[in-house]
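Top line first, the protein sequences correspond to chains P and B.
Each residue of the first sequence is one higher than the one before, counting from 1 in full-length UniProt numbering.
Each residue of the second sequence is one higher than the one before, counting from 1 in full-length UniProt numbering.
Simulated from the structure, these hints should not be mistaken for laboratory data.
These numbers come from a predicted model, not from an experiment.
Hints may contain errors.
[As the list claims (entries may be wrong)] With a cut-off of at most 25 angstroms between alpha-carbon atoms, the simulated BS3-like pairs for lysine-lysine come out as follows:
#: 1; chain 1: B; residue 1: 87; chain 2: P; residue 2: 84
#: 2; chain 1: P; residue 1: 101; chain 2: P; residue 2: 158
#: 3; chain 1: P; residue 1: 188; chain 2: P; residue 2: 74
#: 4; chain 1: P; residue 1: 216; chain 2: B; residue 2: 73
#: 5; chain 1: P; residue 1: 84; chain 2: B; residue 2: 94
#: 6; chain 1: P; residue 1: 447; chain 2: P; residue 2: 214
#: 7; chain 1: P; residue 1: 188; chain 2: P; residue 2: 105
#: 8; chain 1: P; residue 1: 216; chain 2: P; residue 2: 193
#: 9; chain 1: B; residue 1: 173; chain 2: P; residue 2: 84
#: 10; chain 1: P; residue 1: 158; chain 2: P; residue 2: 176
#: 11; chain 1: P; residue 1: 84; chain 2: P; residue 2: 216
#: 12; chain 1: P; residue 1: 216; chain 2: P; residue 2: 447
#: 13; chain 1: P; residue 1: 214; chain 2: P; residue 2: 76
#: 14; chain 1: B; residue 1: 134; chain 2: B; residue 2: 94
#: 15; chain 1: P; residue 1: 84; chain 2: B; residue 2: 73
#: 16; chain 1: B; residue 1: 73; chain 2: B; residue 2: 173
#: 17; chain 1: B; residue 1: 247; chain 2: P; residue 2: 84
#: 18; chain 1: B; residue 1: 158; chain 2: B; residue 2: 104
[As the list claims (entries may be wrong)] Restraint ranges, calculated between C-beta atoms of paired labels, are given here:
#: 19; chain 1: P; residue 1: 349; chain 2: B; residue 2: 163; range: 17 to 27 angstroms
#: 20; chain 1: B; residue 1: 76; chain 2: P; residue 2: 192; range: 29 to 39 angstroms
#: 21; chain 1: B; residue 1: 65; chain 2: P; residue 2: 405; range: 31 to 41 angstroms
#: 22; chain 1: B; residue 1: 23; chain 2: P; residue 2: 245; range: 48 to 58 angstroms
#: 23; chain 1: B; residue 1: 61; chain 2: P; residue 2: 319; range: 35 to 45 angstroms
#: 24; chain 1: P; residue 1: 247; chain 2: B; residue 2: 218; range: 48 to 58 angstroms
[To be verified] Beyond 10 angstroms from chain P on every Cβ pair, some chain B residues (computed):
#: 25; residue: 106
#: 26; residue: 110
#: 27; residue: 117
#: 28; residue: 134
#: 29; residue: 140
#: 30; residue: 192
By construction, the Cβ of each residue, glycine as well, lies at the ideal position given by its N, Cα and C atoms.
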Amino acid sequence: MKFKFKLSEVLLVTGTIAAIVLSIVLWIFIMTNDQRFSRLSQTNNAISRQQTRSKNTKSNYDLYIPTKAYGFMKGKPYSLYDSKNNLSFEFSNNLQQATVKRIVKMSGSVANYSVLINNPNFLQLSYPDKVTFNMFADFGNKKDNREFNRFFITSSNKWIYVGNDQTSALYRVYLKNANFDRLRRYAKNASQKVPISFYKISTGYATFYTQPTKLKVYSYLTNRQSDAYFVSRLLGTSGVSSRTNKKGVTTYSLSYYTRLSVPTIRSDGPNNYVYTHYDKKDNPDAEVSLTNKLLNSIDYVHQLGLTEQDLRFFDVDDNGVSYTNYIEGMPVFLNQHDLQIVVGSSSDSATTVTFNSLNFQIPIPFDGRTTTLEATRKMLNDLENHGMRENEVQRIVVGYRVEKDNSYNNLVNLIPTYYLKAYGEWKSAEEWAKQDMNLYNLAADRKGDN
Amino acid sequence: MDHRRIEWLFLIVFVLIDIYLAFEILRSPVNLGSVDTSDTSTSSIKMEMRADGIDLPAKISENQASGYYMAIKNRDYLSGKISDLTKVNATYSKSDNSITATPKLSYLVTGKGKAAIKALNTFKNDPHNVPYGKQYVYEPSMSGSGIYTFVQKSEYGKIYDSSAQLVITVKDKVIDSYMLTYIGPVSPVRELQSTISPWHAIKAMYLDRELANNSRIVRVKLAYSKLTVVRGSTIFLPTWLVWVENKTTKNTSLKRVNAFTSQVLPASSTYSLEK
């Protein structure tokens, strides 16, 4: 009896002490956890920002969708397009259903890669520029920076090849639950098949039209969001001050760190908005991985609140990540050679987003107007004769030039035109032909010397 | 004994404090970074909607769908068909490009629900009764007692517009008359593209204050709606049709959300449903 009494006494004392100690520990934990407090002030803000953002947000697979599809007929490569059975869209949907089991690096060489790219057994889908595996899913390894830009669809649904045009790196990706049968059928019956050839340039492969090619001119009704829309989206509604300078630019500032420059002269000029945002980086000198660079840029794209229906990833280089509208499989260049959104990055922790508010609102039924582009080789030869160095050509694409239609106020026509990225700049072939190439070559030589 | 009672009191009080503190810690997310913000925003919007008395269907998909911009040539498809309509007395109205007709013989529509629809389908599928009749399908949510609405379907999806409808009026179990509008074949203007999800559409409506408090979302459906007329063509685009019922008046209204841009289309039509 006595023993029992003592045990319960001891249990009571230890229990009480344990409860007191635990309460102190928990209390200290709460007090030292500053996220608890920061959450109090952030919650509303974060959610409302999330809400405004998510209104226009679609899946990353919409922004990052392969833009070109290629197939082979009688051993010759063709660029494939079908507006009814959108090949890229079909592929992207297939890919989202699948899971990656394993990625194996193949031993690759430039020679092997160029054989593969011309192998008639594969259907190809390509991005305009390189992306990373980690962009789409977390493959465990944070430092994984494997880059690619081209898919090779084999006759098997178990695996595909994924390749990097620039480095000739090749990966075999084993998939589960993938089914590309319908994609292969669509590709076989694609409504538009244009003969092309793959041509190696300094940064990868360009697609050349082997003969003069007739392309459709599309028309769109366009509109623009008001300046106030962008100001309130990017800077909020309170505490914003504005100042107009002589060059016709109004700058709205929220603080020293965040501001938006808006063009006030509408009729001429590039009509570009510039949003600058300073953000303290933990380690400003550290090089940002391509994955993070791309993912960060997506945040900014969503924040702008432009219509994202046709917006696609287009280009990435040291200057930043660019997005532009793709219409019927081809990119749209605004003004002379501008892209819809360029999310720039620089070393001083500032992010500068340059964007155009033009929105392709309503597509107009095709009225039969076409334009003919000369063979790509011929165009490039002319530019080389003008002084352009072939090893400075980074990309060659057929895009649209925006031309105002005089019949309606907001109607624009999209004229297929050759665009080249050379010496780090995008310009149409016509513009390049007017440049003094000596200046460019001189600058390139100087850069090479350094 | 007193000493022991105090000890018990201490134990109980501190255990209660512990429970409270533990509850506090569990309630607050410890790591903000790993919280999936889209989930929190989804659930918080759902909670806000519940607080405003807005009822959602049990299951709303968060999966995206796909659709086209479509165009039709504005043409008169109907006036030439009048002579074929031998079993009805039909008149063509040029102003609204429609046919109004009454059957020469009386067509009995007996029963309710499926049986009635079957009888109406037999009637409309006869080209001597209704031109292009096979291209129309019954739409219950736009029909009321004695009024049966059919919408024009295309190979790309159903079209919900007053210019592509067949409305059959039944009186005393007999087909009284019908009114038909027809827009002809549709063709895609641009490539197939992804649309927003149904949940996204409802969320956009809520954030745009297009959902009144104390209402119930009956149904959400992807269909084509008229956007505008340009260069002699009418442009249609995929829209999420959202049927919203006012809980007090029981009136159902149809709202349309642009499935590409998530903007709410201004036009909305109200159908009074009797139950």
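Now the hints, each set against the structure:
Restraint check for residue 87/B and residue 84/P: not satisfied, since their Cα atoms lie roughly 39 angstroms apart, outside the 25 angstroms limit. Restraint check for residue 101/P and residue 158/P: satisfied, since their Cα atoms lie roughly 10 angstroms apart, inside the 25 angstroms limit. Pair hint residue 188/P plus residue 74/P holds up; C-alpha atoms about 12 angstroms apart against a cutoff of 25 angstroms. Among the hinted pairs, residue 216/P with residue 73/B is consistent with the structure: their alpha-carbon atoms are about 20 angstroms apart, no more than 25 angstroms.
The hinted pair formed by residue 84/P and residue 94/B fails the criterion: a straight-line CA distance of about 34 angstroms is larger than 25 angstroms. Between residue 447/P and residue 214/P the CA atoms are separated by roughly 39 angstroms; this puts the pair beyond 25 angstroms, and the hint is violated. As the CA atoms of residue 188/P and residue 105/P are separated by approximately 29 angstroms, the hinted pair breaks the 25 angstroms bound. Note on residue 216/P and residue 193/P: the hinted pairing holds, with a Cα-Cα distance of about 14 angstroms set against a maximum of 25 angstroms.
For the proposed pair residue 173/B and residue 84/P, the alpha carbon gap of about 44 angstroms is over 25 angstroms, so the pair is violated. Using a Cα cut-off of 25 angstroms, the hinted pair residue 158/P and residue 176/P holds, with the two alpha carbons roughly 6 angstroms apart. Simply put, residue 84/P and residue 216/P have alpha-carbon atoms about 16 angstroms apart, close enough for the 25 angstroms limit, and the pair holds. Of the pairs offered as hints, the one joining residue 216/P and residue 447/P is violated, with about 40 angstroms between alpha carbons and a cut-off of 25 angstroms exceeded.
For the given pair, residue 214/P sits about 19 angstroms from residue 76/P by alpha-carbon distance, which is consistent with the 25 angstroms threshold. Between residue 134/B and residue 94/B the alpha-carbon distance is near 23 angstroms, which keeps this suggested pair within the 25 angstroms criterion. For a cut-off of 25 angstroms, the pair hint linking residue 84/P to residue 73/B stands: about 19 angstroms separates their Cα positions. At most 25 angstroms may separate the alpha-carbon atoms for a hinted pair to count; residue 73/B and residue 173/B exceed this at roughly 38 angstroms.
Straight-line distance between C-alpha atoms of residue 247/B and residue 84/P comes to about 41 angstroms, which puts the hinted pair past the 25 angstroms bound. A hinted pair counts as satisfied when its Cα atoms are at most 25 angstroms apart, and residue 158/B with residue 104/B does not qualify at roughly 30 angstroms. Distance hint check: the CB atoms of residue 349/P and residue 163/B are about 56 angstroms apart, inconsistent with the given range 17 to 27 angstroms. Between residue 76/B and residue 192/P the Cβ separation comes to about 33 angstroms, which falls inside the hinted range of 29 to 39 angstroms.
Checked against the given bound of 31 to 41 angstroms, the beta carbons of residue 65/B and residue 405/P, roughly 32 angstroms apart, stay inside it. Roughly 56 angstroms separates the CB atoms of residue 23/B and residue 245/P, a value that falls within the hinted 48 to 58 angstroms. Separated by about 40 angstroms at the C-beta atoms, residue 61/B and residue 319/P satisfy the suggested range of 35 to 45 angstroms. In this structure the supplied range 48 to 58 angstroms holds for residue 247/P paired with residue 218/B, their Cβ-Cβ distance being about 55 angstroms.
Annotated as non-interface, residue 106/B keeps its C-beta farther than 10 angstroms from every C-beta of chain P; the closest such distance is 44 angstroms. Every CB of chain P is more than 10 angstroms from the CB of residue 110/B (nearest about 43 angstroms), matching its label as outside the interface. The claim that residue 117/B is not at the interface with chain P holds, since no C-beta of that chain comes within 10 angstroms of its own (minimum 31 angstroms). For residue 134/B, the non-interface assignment is confirmed: its Cβ lies about 22 angstroms from the closest Cβ of chain P, beyond the 10 angstroms cut-off.
With a closest Cβ-Cβ approach of about 30 angstroms to chain P, residue 140/B is found to remain outside the 10 angstroms limit, as its non-interface label requires. Not every CB of chain P is more than 10 angstroms from the CB of residue 192/B (nearest about 4 angstroms), against its label as outside the interface.
Going down the numbered hints, you'll see the structure goes against 1, 5, 6, 7, 9, 12, 16, 17, 18, 19 and 30, while the others check out.
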